Amino acid sequence: MSSEMKMEEFEALLANFGSDVSVWPENRRAAAEAYAETSDGRKMLFAEAALAKLLAAGQAVGPEKASDGNSDAFLGRLMEVPSSYPQLATQYKSSRTTVWLETLADLILSWRSPVGIASQLGGVAAILGVGILVGINSAPNRIDASGDLYATVDISETLFVSGAELLSFDEQYLTVRKN
Amino acid sequence: MPDSLTDEALVALVSKGNQSAFQKLALRHGSRFRALAYRFTSDMAQAEDLVQEAFVKLWTGADKFNPDRAKFTTWFHRVVINKCLDQKRKRALSALPEGYDAEDMSPLADAALENTAAIKRLDTVLRGLSARQYTAVTLSYFEGLTNREAADVMELNLKAYESLLLRSRAAMRKTLMADKNDLLSAFA
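These protein sequence lines map, in sequence, to chains A and B. Residue 1 is where the first sequence starts when you use the numbering used here, and the numbers rise one by one after that. Residue 1 is where the second sequence starts when you use the numbering used here, and the numbers rise one by one after that.
Rather than coming from a laboratory, the hints here were simulated on the basis of the structure. Note that the structure is predicted; figures quoted are calculated from it, not measured. Please note that the accuracy of each hint is not assured.
Far from chain B, some chain A residues (derived; all Cβ distances over 10 Å) [to be verified]:
#1 6
#2 11
#3 15
#4 88
#5 124
#6 126
#7 137
Some chain A residues near chain B, calculated using beta-carbon distances under 8 Å [to be verified]:
#8 28
#9 47
#10 74
#11 78
#12 79
Yeah, the Cβ is synthetic: ideal placement off N, Cα and C, and Gly gets one too.
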């Protein structure tokens, strides 16, 4: 590629590679050198070189002295921070409630580990099993001792039995009624 | 407290109330961050106050530092720079009495530094930058951070940071070119 170079491209290369055109990408170097001969090109190269010098000078600028001329005093102020400012998080940690909450938080966070997840699933399965057992043992089909049939009759009782059973039930019922 | 402990390990100890760990970090980084704050404030006493505030934040809020997200120095650069920029904003927003001569807010305006022509010129060039551009230039050219580290401090992706740095450099170059009689002549 050896097309003429525009200012934008020259500026971008200048920003990326600095003011020494000889280190710019080889395929654009000839076009860049041609642009560098123009008035704009010369100004930009000059400004870039000046900027590099200025920035280098700025690197050396630093606080040679502290505000009171004593750097140790400034560092001493920093050393005093722990004794001058309470560390609230640490204070809270000493209370029993916080210890309990932290334990709970640790437990919750432990769920993220495979062992934690497995133990939590085991717990859920155990609770579910107990719930099913309790449910089976306390299932209705028993007449309320109070005699209030409406309170104990399961209206879904006949929904899950076969037609043959229903017929049988009706026959029995009819038999009973006949008797 | 062994010297071999990393900054991140020390911060973990600080979060548990370990004063020695805090003091180790203060000795290790106090002067460096004071220099950084000074580049933003041009006022040594104020720079020291701001860095002290940042270290107070470290002491009282070390548990908020997440070593999985950033290095300690990246995080602390952010804390110090934010404090400096906040301070500048507050000063800029505060109402000034009529006829008040605005304080020179430019970077590196300290009288003690103005004895060198180069620093004066640099000051003129930096004055034309936005806060973001100035931060990028400071981190890359004066603090010596890599582009990756500086991008992390400014919470930008690398490409966006490099673009910001290029724009900053172009802006500085334009200032130099616009004022070429005063500035460029010194380098002729």
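List of violated hint numbers, smallest to largest = When the structure is compared with the hints, numbers 2, 3, 4, 8 turn out to be violated.
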